[in-house]
Amino acid sequence: MSATAKPIANTRSATGIPTARLITWWVIASEIVIFGGLLASYVMHRISHPEWAESASHTLTWAGAFNTFVLLTSSLCAVLAHQAADAHNGPKAAKFLRLTSLGGLIFLCVKAYEWTIDIREGFVLSSGGFWSFYYTLAGLHGLHVLAGMIIMLIVAADAAKNRELQRVECIGLYWHFVDIVWIFLFPLLYIAR
Amino acid sequence: MLERYFTAASTYAHSIDHLFILIAVIVGFWLIVAEGMMFGLVFKFRARDGRPTQYITGDEKHLKRWISIPHFLVIVCDIVILAGAITVWYNIKQVLPAADATVRVIGQQWAWSFQLPGPDGVMDTADDIRTVGELHVAVNTTYHFELLSRDVVHSFAVPAFRLKQDALPGRTITGWFRPNRVGTYDIQCTQMCGIGHALMAGRVIVETQQAHAAWLLRNSGPAVAGLQSSPASAMDPAMTLAEARP
Amino acid sequence: MSTEVQHAEPGFFRKYLWSTDHKIIAMQYLFTGMAMAMIGGYFAYVFRMQLGFPNQYVPGYGIVTPGRYNALVTMHGSIMIFWVAMPVLIAAFGNFLIPLMLGCDDMAFPRINRLSYQIFLLSVLVLLSSFLVKGGPFGGAWTSYPPLSASGAYNLTPIGATLWLLAVALEFVAFLLGGINFTVTTMNSRAPGMKMYDIPILIWMIILANVIFMASVGPLIAGAVMLLFDQTMSTGFFDPTRGGDPLLWQHLFWFFGHPEVYVVLLPAMGIVAEIIAVFSRKKIFGYKTVLYTAWAVGFLSFVVWAHHQFVAGIDPRMANIFSVTTLLISVPVTEMVFLYIATLYGGSIHLDTPMLWALAFIAEFMIGGVTGIFLGSSGTDIYLHDTYFLIAHFHYTFVPIAIIAVFAGLTYWYPKMFGRMLNETLGKIHFWGTVIPFNVIFIPLFITGIAGDQRRVYDYAQFAEQSRPALQHLRTTSTIALLVMLSFQFVFLFNFVWSLRSGKSAGANPWRSTTLEWTVPSPPPHGNFAVLPTVYRGPYEYGVPGRADDFFPQDIPD
Ligand code: HEA
Ligand code: HEA
Ligand code: CUA
Ligand SMILES: [Cu+2]
Chain A
1 MSATAKPIAN TRSATGIPTA RLITWWVIAS EIVIFGGLLA SYVMHRISHP EWAESASHTL
61 TWAGAFNTFV LLTSSLCAVL AHQAADAHNG PKAAKFLRLT SLGGLIFLCV KAYEWTIDIR
121 EGFVLSSGGF WSFYYTLAGL HGLHVLAGMI IMLIVAADAA KNRELQRVEC IGLYWHFVDI
181 VWIFLFPLLY IAR
Chain B
1 MLERYFTAAS TYAHSIDHLF ILIAVIVGFW LIVAEGMMFG LVFKFRARDG RPTQYITGDE
61 KHLKRWISIP HFLVIVCDIV ILAGAITVWY NIKQVLPAAD ATVRVIGQQW AWSFQLPGPD
121 GVMDTADDIR TVGELHVAVN TTYHFELLSR DVVHSFAVPA FRLKQDALPG RTITGWFRPN
181 RVGTYDIQCT QMCGIGHALM AGRVIVETQQ AHAAWLLRNS GPAVAGLQSS PASAMDPAMT
241 LAEARP
Chain C
1 MSTEVQHAEP GFFRKYLWST DHKIIAMQYL FTGMAMAMIG GYFAYVFRMQ LGFPNQYVPG
61 YGIVTPGRYN ALVTMHGSIM IFWVAMPVLI AAFGNFLIPL MLGCDDMAFP RINRLSYQIF
121 LLSVLVLLSS FLVKGGPFGG AWTSYPPLSA SGAYNLTPIG ATLWLLAVAL EFVAFLLGGI
181 NFTVTTMNSR APGMKMYDIP ILIWMIILAN VIFMASVGPL IAGAVMLLFD QTMSTGFFDP
241 TRGGDPLLWQ HLFWFFGHPE VYVVLLPAMG IVAEIIAVFS RKKIFGYKTV LYTAWAVGFL
301 SFVVWAHHQF VAGIDPRMAN IFSVTTLLIS VPVTEMVFLY IATLYGGSIH LDTPMLWALA
361 FIAEFMIGGV TGIFLGSSGT DIYLHDTYFL IAHFHYTFVP IAIIAVFAGL TYWYPKMFGR
421 MLNETLGKIH FWGTVIPFNV IFIPLFITGI AGDQRRVYDY AQFAEQSRPA LQHLRTTSTI
481 ALLVMLSFQF VFLFNFVWSL RSGKSAGANP WRSTTLEWTV PSPPPHGNFA VLPTVYRGPY
541 EYGVPGRADD FFPQDIPD
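From first to last, the protein sequence lines are chains A, B and C. Here this note's numbering is used: the first residue of the first sequence is 1, the next is one more, and so on. Here this note's numbering is used: the first residue of the second sequence is 1, the next is one more, and so on. Here this note's numbering is used: the first residue of the third sequence is 1, the next is one more, and so on.
A few of these clues could be false.
To be verified - Mimicking DSS-like on lysine-lysine, the simulated pairs with C-alpha atoms at most 25 Å apart in a straight line are:
#1 C:Lys195 / B:Lys44
#2 B:Lys61 / B:Lys44
#3 A:Lys6 / A:Lys161
#4 A:Lys111 / A:Lys161
#5 A:Lys6 / C:Lys428
#6 B:Lys44 / B:Lys64
#7 A:Lys6 / C:Lys504
#8 C:Lys288 / B:Lys64
#9 B:Lys61 / C:Lys288
Please keep in mind that the hints were generated in silico from the structure rather than gathered at the bench. Values in this document were obtained by computation on a predicted structure and should not be read as measured data.
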């Protein structure tokens, strides 16, 4: 199978669900288990270590809150991109996708600023249980944001030329997932006392 | 059955051995039936020309029975086994019979060290007895052990007692045993704990009540040289190994 | 009709190393897996020699020091599970057979498929590179319990430990990608007319295995990240002195580790199902019941993990719950095995080499299975935990799976893969030369285990009771049997290579089977089907009444 031509296998749909959407769901499912495992470990430790609340109080809640807002709006753009794609308006979809990844960029900048402050205050990865989980969870999530942005820009480049429009929806789904993960992280890392 | 391969020297050794036999009988029976069935069918239905194969889906009532009946019998067998397993487990790991004496067992790379309360019977007092690699206990005495680890996960195992319990750093795990047979038995470490894992051997010496009392007196107070546990002597095998290692 | 664009015949590199063709990728996985099997077998040879003939020079290796012994055992275990059983059973057979058996031209995402193999290959290289670094490869057992694995000060293999962890993590990623691709392909790309219950059992099993894998590996990937940070960034996730918990790793590991054993069991069961049906010319006895039992096994496999930790310091009350679930899981497995045996009833059984392997699988696996019951009942596990009884138990499951069932599959699909038949006589010699010694290797180990031999010990000199001469005789017997078994593997290798050229040519359907892969030429051309097939019936229509042929292929209209 030459890399350019799609195999027939890719074009079939015995379930009625388009292949691209199906694989996106499976990817998300496997990611859920990974984050699930990490979060579960964190929660179990957190319960058995009430003293971690003190460390948690040093996190910049306002920054976390702002980031939540940023991600939610970016998710909205993803939805709009999907609508544009459904209307076969590639360029419009591309525009919204680029807006979405801009949201991701802002999110990462805020994170970077946040972490510099934390580190200035002397809280690093190895400063104790809470901080280890804090950096690991947020870091893993950050990587997903970054990956999502990059893929999104590639998809946008295609979409602008009205190519592979079905991918717009898929990357959108993925972005919502990344968003939802943060919805879990924010209260558990910043607010929980 | 197990005794044929390993002396039983604690009160609960036999309960484990009997459970082993129970399981052996039950699953052994099934294994023979199943294997016999398989080879029987292979022979009975070996290809012979002029004998067509039968078209069987597996939904036929009279044939389904051959699966469903064993299915329920196996569940019954499982329940019997479980009843035995949980009773044995409960008596060994979940209940702590009143102790006549206590001993502290400390695992570290790569040696077992032990702490017995001296004649005063109180742990962590001047007359405590600390030994390395040798655990002295009295026969027909119920011991509680406090199991701890100084570094990695070890596992305190005395096959003759049918006793096995992992030692975790940061926790003290309590258990019990009651030797009922005078003699000297192996102590093993059964959890991978580094290059000295295979050298982490010890001996448990089960003495008569009198002999043990005498031993306690001999060694109580500021511990006697040779028995005194200094980290160095405990780490010795480690050192030599670390050097020996390429 | 294949819409494949015509292009010039690609060069060797593009054709064999950079290909997206599922058949080539299957071969890449197969040969990598076989190579790793030989490495893993070589390690078994070395440390068994040390056990059989303590502290003597091992031909082809040298003197086995304690550190080296631990590393050999750890690498043997890791390699055999992650780099032999999984790539060969799931990736090699899955890649080769899924598109062929489903009647489509390739995987749904060929380039993801290629990526999966490339990441897998990388993981192999990372693992092997740990043999070159200072301190040598990791020796903390394939279970890699912290704190031992978390700190170089304890395991003395700081670099090796991290490389092992990275290699395993990469392997997981490779199989996540591959597995997702398999699952999507099977869900969406089946030939028209192939309903859910027209899918061959092997495909069902591979997909179930992938789903189980996907659902269980996540927490361990998270755990791997934590352990990596503990090793390299001095975090304390598993360090009790700093608020961490060593048991957390054990739970994360076994939550994956137990389902993993069924991840490799199910595909093996699938291979055996296909072969039993063909060579006894019978419909599988209760096709759907087999699937139900497989689902039950998959579900239950998530709630038994702590049976590996009965004496690990968990709450003793938990042990009872897990003892119950563990014995419960023996019920569906039992039923599956019995269904296979029932399939033989009323057949006309041809004992060709693949069938011999398949029957041997059932016969041997049952022994491994029933010995699992001794371990599953918490009471006896107190004594048997981490003894050679355990070692024998899981080799009586793993060897049938990763060696016997694999040989069954290889001998059965070899004609399809390479267009020529293997030599029957050599095949039968290899069969008996493998299966008989296999039992002679591991039955003595059951006894040494009952007699108290604990695992991961390079020399029992320290332990008076284990130094009994009788036990040493048993160990030596086992080692000698291994030498015999290994020497017979050369018969297989010779047969494999020789038949590539000189085997008699196979034709499309040498075994007169019903499934779709046998409707295309052997080896299948690029794009598989000249005309993409339509499916009219289930996969095991043998001896259908009122037909001249005793088999009724899936793609023939009635
Ligand atoms: C693919 C491999 C595989 C398979 C299929 C199994 C199958 C089973 N295993 Fe095993 N197991 C391992 C691989 C496997 N195991 C490995 C690798 C380890 C060690 C890991 C390590 O520590 O390094 C291990 C360890 C292990 C332990 C931990 C022991 C310990 O560490 O102390 C336990 C305990 O419960 C256990 C139980 C079982 C059971 C109950 C089954 C059941 O599924 C078996 C069911 C099958 C049958 C029962 C046979 C067929 C039935 C009959 C013939 C009818 C008669 C049966 C009855 C009456 C019940 N296994
Ligand atoms: C799939 C899993 C698998 C397989 C197949 C094997 C195969 C063998 N294993 Fe092992 N083993 C493990 C998984 C496996 N093992 C694990 C997980 C451990 C625990 C590790 C730990 O404690 O951390 C272990 C540990 C272990 C021990 C315990 C060591 C100790 O605790 O001190 C021993 C001791 O005898 C042993 C022996 C053997 C032997 C003699 C074989 C023989 O059957 C090997 C025979 C070799 C071959 C048959 C290869 C020949 C190859 C070819 C012919 C190429 C073609 C092959 C294919 C296409 C597959 N293994
Ligand atoms: Cu301590 Cu093994
Ligand atoms: Cu298990």
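Item to check | Distance restraint between lysine 288 of chain C and lysine 64 of chain B, which requires alpha-carbon spacing of 25 Å or less | outcome: holds, 13 Å
Checklist entry - Hey, lysine 111 of chain A versus lysine 161 of chain A, does the alpha-carbon distance stay inside 25 Å? => result violated, 33 Å
Next on the checklist: Check whether the Cα positions of lysine 6 of chain A and lysine 504 of chain C lie no farther apart than 25 Å.
Outcome noted: Given that 25 Å is the threshold and the Cα spacing comes to 36 Å, the pair is violated.
Checklist entry - Given the hint that lysine 61 of chain B pairs with lysine 44 of chain B, does the C-alpha gap stay at or below 25 Å? => result Roughly 22 Å between the alpha carbons, so the hint for lysine 61 of chain B and lysine 44 of chain B holds.
Checklist entry - For the pair supplied as a hint, lysine 44 of chain B and lysine 64 of chain B, is the alpha-carbon distance within the 25 Å limit? => result Roughly 20 Å between the alpha carbons, so the hint for lysine 44 of chain B and lysine 64 of chain B holds.
Checklist entry - Given the hint that lysine 61 of chain B pairs with lysine 288 of chain C, does the C-alpha gap stay at or below 25 Å? => result holds, 15 Å
Checklist entry - Given the hinted pair lysine 6 of chain A and lysine 428 of chain C, is their alpha-carbon gap at most 25 Å? => result It is violated: about 43 Å lies between the C-alpha atoms, which goes past 25 Å.
Item to check | Satisfaction of hint between lysine 161 of chain A and lysine 6 of chain A, Cα-Cα up to 25 Å | outcome: Judged against 25 Å, a Cα distance of about 19 Å means the pair holds.
Item to check | Restraint status (C-alpha distance of lysine 195 of chain C to lysine 44 of chain B at most 25 Å) | outcome: Violated. Lysine 195 of chain C to lysine 44 of chain B sits at ~35 Å, over the 25 Å cutoff.
In this structure, the earlier hints numbered 1, 4, 5 and 7 are contradicted, and the remaining ones agree with it.
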